[in-house]
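From first to last, the protein sequence lines are chains A and B. Heads up: the first sequence is residues 1 to 411, going by my numbering. Heads up: the second sequence is residues 1 to 225, going by my numbering.
Treat the hints with care, as some may be off.
[To be verified] Derived pair list, reagent style EDC-like, types lysine to aspartate or glutamate, alpha-carbon separation capped at 16 Å:
id	chain 1	residue 1	chain 2	residue 2
1	A	K6	B	E189
2	A	K151	A	D166
3	A	K246	A	D48
4	A	K246	A	E273
5	B	K78	A	D325
6	A	K15	B	E99
7	B	K178	B	D204
8	A	K229	A	E248
9	B	K75	A	D404
10	B	K24	B	D219
11	B	K32	B	E189
12	B	K140	B	E99
[As the list claims (entries may be wrong)] A short list of chain A residues far from chain B (calculated; beta carbon distances all over 10 Å):
id	residue
13	Q17
14	N165
15	G320
16	V406
These are computed hints drawn from the structure, not numbers from a lab. None of these values were measured; they are calculated from a predicted model. Glycine included, each C-beta is placed from N, C-alpha and C at the ideal position.
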Amino acid sequence: MNTNNKIAWTHLTSKVQQLVVAVLSVMFGISMYIFMNGFVGGINTAFDDITFSTMAHIRVYNDMPNDEPSLISHTTNDTIQFIHNARHIKYTEGIKNAQEIIQIAKGFAQVTAVTEQINQNVFFQNGITKVSGNLSGIDVENEDKMFGTSKYMLKGHIYDLEKRNDGIVLGSGLAQSICVNVGDNVTLMTADGTKKSFKVLGIFESGASATDKSKAMISIRSARQLFSKNASYASDIQINVKDYNKAEVVSGKMAKIVPYKVESWKEGNSQLESSSTLRNILAMVISAAILTVAGFGIYNIMNMTVNEKMREIAILKAMGFNGKDIVHIFLLQSLCIGVIGGIAGMGLGSLIIYIVRQIPYKIASFTSLPVAFRLVDYIMAFFFGLIVTIIAGYLPARKASRVDPVEILRG
Amino acid sequence: MKKVLSVNNIVKSFHQPEDFQVLKGVDFDVEKGEFVSIIGKSGSGKSTLLYILSTMDTDYNGSITINDSNVTGVKQNKLAAFRNEHIGFVFQFHFLLPEFSVIDNVMLPALKWGKKPKDIVRERALELLKMLDVAGQEEKKASLLSGGQQQRVAIARALINEPTIIMGDEPTGNLDSKNTKNVFRIFRELSREQGQTIITVTHDNDFANNCDRVIELKDGQIVSQ
């Protein structure tokens, strides 16, 4: 063993208690870094899960024209325009040729799932209770593939909708407010005044309470019948892609081919993205603060060690050790503390994540607190931990290297 | 005889708390194998002179040549390597590294030098400890030895690299009379039998009177040598 390393090692092992305290402070910092980032990562995943349980990455629909063309285009300064009760006269509503659009969407390599829907506002009636809500006519198989609808079923099965034309599945809050349960009947009333009775086949709960209080699903065939639409009619086509962060790239390309409005999820929901960014920043700030505190711990202990060993440093210098040797000796001690603490911290971090994952908490499709195990958190924690250790260890080491042996030895 | 140390017109001033000239032009030479004592009252500048000779204090005017190499104006890192090879130290308070074993303390300067393999260094260290009558203690921690034993271990450490000069800063200042005699006898033998050059600063007149040569300092100047 190199002489400097031997001295560093002897210093480290002769004060076990100090070593343990220093290692613990690093260990705690690293484990908290891993845990905080894993926790926030887990929360973000859970939020994405909730978000995308009802919302697709890309939605295709028939948009209202949002600018009104001027009805009288040529005016002179001495003309006054009077236009009363201007209104849209729309000849096409929804998407008439849904199959064609679905085929186009499936042609994109990044697209993972496509489903068609008919979404309309209707009244749900049971006796004298009348509640307005959203009715979704769904293509059951593709809907389940895209949103995992069957995971959210409290009672009954979503696939039963395919077996009965008059079946309906209600959100838990909606079922409660109109007092129905599985097996009961509920009457739907459309905006056109059509009434039809449906049998409740199941109840779902997505976790987003606004949805649970207002949404009901029937099969898309029944919906076409109810709203008297043709066999390829849909009001929305929902598309999922491989990486939802790149949805707008795909939607941009698709918009050029499809004659309807193509909208990526970010366009209408920028708050979702910014809140996940904010959570990430928060986690970074907290873990950086913890690591800094750990750094001060190392700094303090190394500083104490240097102060205690002034005489030894002087004697080493008298014997022929130069400033670099002294920095080597003391920096190596900090590095050892950092590496041991880092490895222990990764162990403790994993343990904390494991324990927190056992805490029951119902959110989205999770039954306990969501914490992510991510390799990148471990690498970053170790990397930052080492940087903090090196800085915290270098300052006392530099101080040690600048000790003037004459001053110390002469007393 | 060969000249191992040559000191030319050393002037040294302190600036704190006020300007004060401690050494006012000191000149002398030391030959190989000489056992020299530097004496003088406290404040005469004898310790200051020793630390300048040791190359640890570089803030002075004048020039010093040790073993034919000029050490004045050389960079600290080079001087550290020079000390390692050419100068052995024995201090008033033994100054061993308390957490290291006796044998490790003795071996440290040689391991730092790295010129000889470890087992040969170890053999030599054991030989020195035996010669200085502290054999059998080598695996003990240095802090567990008595003062006299620690000082002899320190002498062994000073000798391990076969230095050009051994420098002692009141090497017996902290020892009882029996151990003082012991340390003196060791120095005497080293100088006479092995031709080891030794320069010590001392308060002890008995010690000084038995040396080959006494340099007396008064108010920063040599009054007799």
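Outcome of the hint check:
Of the pairs offered as hints, the one joining K6 of chain A and E189 of chain B is violated, with about 34 Å between alpha carbons and a cut-off of 16 Å exceeded. Pair hint K151 of chain A plus D166 of chain A does not hold up; C-alpha atoms about 22 Å apart against a cutoff of 16 Å. With a C-alpha separation of about 14 Å, the suggested pairing of K246 of chain A with D48 of chain A holds against the 16 Å cut-off. Proximity of K246 of chain A to E273 of chain A is assessed by CA-CA distance (about 12 Å); at most 16 Å being required, the pair is judged to hold.
Under the criterion of a C-alpha separation no larger than 16 Å, the hint pairing K78 of chain B with D325 of chain A is consistent with the structure, at around 13 Å. With a C-alpha separation of about 10 Å, the suggested pair K15 of chain A and E99 of chain B falls inside the 16 Å cut-off, and the hint holds. Among the hinted pairs, K178 of chain B with D204 of chain B is consistent with the structure: their alpha-carbon atoms are about 14 Å apart, no more than 16 Å. Taking the CA atoms of K229 of chain A and E248 of chain A, the gap is near 31 Å; set against the 16 Å cutoff, the hint is violated.
Under the criterion of a C-alpha separation no larger than 16 Å, the hint pairing K75 of chain B with D404 of chain A is consistent with the structure, at around 14 Å. The suggested pairing of K24 of chain B with D219 of chain B holds, with an alpha-carbon distance near 8 Å, which does not exceed 16 Å. Straight-line distance between C-alpha atoms of K32 of chain B and E189 of chain B comes to about 14 Å, which keeps the hinted pair within the 16 Å bound. As the CA atoms of K140 of chain B and E99 of chain B are separated by approximately 10 Å, the hinted pair is consistent with the 16 Å bound.
With a cut of 10 Å on Cβ distances, Q17 of chain A stays outside the contact zone with chain B, its closest approach being about 14 Å. No beta-carbon of chain B comes within 10 Å of the beta-carbon of N165 of chain A; the shortest separation is about 87 Å. Its beta-carbon lying about 2 Å from the closest one in chain B, G320 of chain A breaks the requirement of being farther than 10 Å from that chain. Its closest Cβ contact with chain B, about 5 Å, brings V406 of chain A to no more than 10 Å, contrary to its assignment away from the interface.
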